[in-house]
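Peer 1: Residue-level listing of the chains:
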Amino acid sequence: MPMTFHHVGCLVNDIPAALKLYQHTGLAAGASVPMRVPGQKVQVCFLPAGNDAFIEFVQPDPDNAFLQRMLRKGISYYHVAYLCSDVETCAGDFVRSGAHELNRFHSEAFGGRLCVFLTTPEQLIELIQAA
Amino acid sequence: MNDNLWAELTAIFRETLDDDSITLTESTTAKDVPGWDSITHVLLVVAVEKKFRIKLIASEIQRLQNVGELAALIRSKRA
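Quick note, the sequences are listed as chains A and W, same order.
With this note's numbering applied, the first sequence closes on residue 131, and no number is skipped along the way.
With this note's numbering applied, the second sequence closes on residue 1079, and no number is skipped along the way.
By construction, these hints were calculated from the structure, which means they are not laboratory data.
Owing to the predicted nature of the structure, the values given are computational and were not obtained by experimental measurement.
It is possible that some hints are incorrect.
[To be verified] Simulated crosslink set (PhoX-like; lysine-lysine; CA at most 25 Å straight-line):
1. A:K41 - A:K20
2. W:K1051 - A:K41
3. W:K1050 - A:K73
4. A:K73 - A:K41
5. W:K1077 - A:K73
[Said to hold, decoys possible] Away from chain W, derived, C-beta distances all over 10 Å, residues of chain A:
6. F66
7. H100
8. L102
9. Q129
[To be verified] Pair ranges (Cβ atoms, derived):
10. A:H24 - W:T1010: 23 to 33 Å
11. W:K1050 - A:G92: 39 to 49 Å
12. A:D61 - W:D1019: 32 to 42 Å
Quick reminder that beta carbons are idealized off the backbone N, C-alpha and C, glycines included.
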């Protein structure tokens, strides 16, 4: 199952405010332009973290009940994401290991490629179809 | 339904949906609970698995018609 780590997702109330923490580190200069992902009711911004890995700042829309609940509970870092050569096979492997598929969508943040979220009682995993 | 199971299920729903006003009955369905959408449904399943230390498979979950049937499934898994 070829898959490589891509990013860790971090919930924030405000992406520009979150980026300010990194303003003197040099990393913020490489941040992507914040992008709306309407299907997921979020805005996202990718901050390079070295070794081809990123922090994904995720700012949920006011009507995104799921992520707004997590924010209210004080949850910040909440998922890890992997690039997969075959996202369907990877998702099947996780389901066989006990994960539940949460949702799947074609993400504007990844050029319309298929993404799948899976969850267990303790982990939230995003799989992204590699280009 | 066992009162303790009922209380534990209610606590799971209230925690997952962040709504302390939720009151469950045997016939409660997703239509009766604001915010109980497809994503929340999976989160409820995962929370039930964790709380009761059981494993629910997709076919079992898809057959559930209401909270009473969920409770019965939990009981059968714990038996």
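Peer 1: Hints broken by the structure, by number, lowest first?
Peer 2: Of the numbered hints given earlier, those the structure breaks are 2, 5, 6, 7, 8, 10, 11 and 12, listed in rising order.
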